[in-house]
Amino acid sequence: MDHSILSTLDLVIIGVYLVAMVSIGLYFVRRIKGSEDYYVAGRSFGPLILMATVCATIIGGSGLMGRAGKAYSFGTMAITTALPYLIGMFIFSGISGRISRMGTRHDITSMPELFEKRFGKTAKIILACMVAFTMMGTVASQVTATATIIKMLGGNVGISYEAGAMIACIVFMLYTATSGLFGVVFTDVFQFYMLLLFVYILIPTSAVHYVGGWSNFTANLSPELTKPYINGSIVGDIVTYLVFTLAGAEMWQRAFAAKSDKSAKRGMFLGTTVYGFTILLVYLMGIIGHQILGDNVLETFGSTDAVVPALAVKVLPVGLTGLALAGLLSVIMSTADSYLLVSVQTCVHDIGKTINPKMPEKRELLYSRLFAVILPLAALVIALYIKNAYDILMFAWSFYAAACGIPAFVALYWKKATKAGVISGMLAGFIVTILWKQLGTPWGLGATVPGAICCLIATVGVSLATYKSHPSVYLEA
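The number in my numbering is simply the position in the sequence shown, starting from 1, with 1 added.
Just so you know, the hints here were simulated from the structure itself, not pulled from any lab data.
Possibly wrong hints are sitting among the right ones.
In silico EDC-like links for lysine to aspartate or glutamate, alpha-carbon gap of 16 Å or less [stated by the list, open to error]:
1) Lys-354 with Glu-365
2) Lys-34 with Glu-365
3) Lys-34 with Glu-362
4) Lys-354 with Glu-117
For clarity, every value in this text was computed on a predicted model and none was experimentally measured.
Produce the entire structure from the sequences given, and follow the hints as far as they go.
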């Protein structure tokens, strides 16, 4: 089958899937009575719902397509950078119950709200601005991945990368703007099963069969793709993933939305465990894609992000190709909508309502829906500027992980953390990370490493120097 041409049946299947996602979002509009319903779904989710949405959110376009592209080009680098995120998510699963209890006890729906109650409005606004920018960068990485797929789907009718990016934005906008977290989570549940069946099971199985079985695959495997891969940049990515999970605003939102602390922990652990099994499958798709597609994926499609969709089109028959590509779109959209909703909440609830505390509930909900339309356009601009999903993701995550990971953890657990200490830590982590990048990442070491170290030193040092004279409020969980 020509990897640039899809059948009418495949295109119809993908179109039906996109319409279904919007329809699910519209169905849950009636569940939205106020901002708490919009942002944390009335704290109503049990462990199985959380498992599906957590796993679907973790495995985004950058995590699947971007990392498979890295496996295609660099082999085990795809695993090296994934394991720290897995470890970090297991750690976060352990603390998610405390986050859930604290949210219910103190009526908190976001990380910046916790910072306000502990460290004041200045700390809240600084964190909120970092969250908003980072979430937008992550949404942009999903737009990039979706645009890459849509460009391939439209190869026979001339749909460009830019048009594909715009289509992605429109779909994200519609169901996130209308129904908030209800729409996001229940589309995630549907997308979770699409992902498992038609991406992680169907594509690798069909690809191994295509090359003549497992023995033929291993016999023809390039040794370069199985060698351990590590350098200073990879160390930076490892630290970024590990620290980022402590302050992942989208996972904090899921913990706040759990109906109990036990539901939060069980759902997080289950979702993370499923994600762990997918890491090797992503690596497999990348390296077997190298065998089947050859060395010209970058030249043909403009990005190695195209490895998995190109592999699906190459090895699957008509009909199953459409289901697999719909599954790929599902994993991307399930991450994009989650980060978009966090961005909306941060801009409207955490920043807007701090500036205007008397904002009526109905106006907040209206602004939230408006921002769910405006913010994807900002993500679109980023996606058009940087057309590689993994590069966009790591740019957004590097400074956020360095500046916010340690402060988020101490906000939960450390009684001696102070306003001055946390603000100093966030600013130190942010400034050092940006300067390190401007200096060209000396010794090839990723910027998150020195940024996180400086954040830790500043947070602890300044807090110890000021906690007796200016103690912060400590919130019991």
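Hints versus structure:
1. Between Lys-354 and Glu-365, the direct Cα distance comes to roughly 8 Å. Compliance with the 16 Å bound is thereby established for this hinted pair.
2. Under the criterion of a C-alpha separation no larger than 16 Å, the hint pairing Lys-34 with Glu-365 is consistent with the structure, at around 12 Å.
3. The hinted pair formed by Lys-34 and Glu-362 meets the criterion: a straight-line CA distance of about 10 Å does not exceed 16 Å.
4. Annotation: proposed proximity of Lys-354 to Glu-117 holds, straight-line Cα distance about 12 Å (limit 16 Å).
Hint compliance for this structure: every hint is met.
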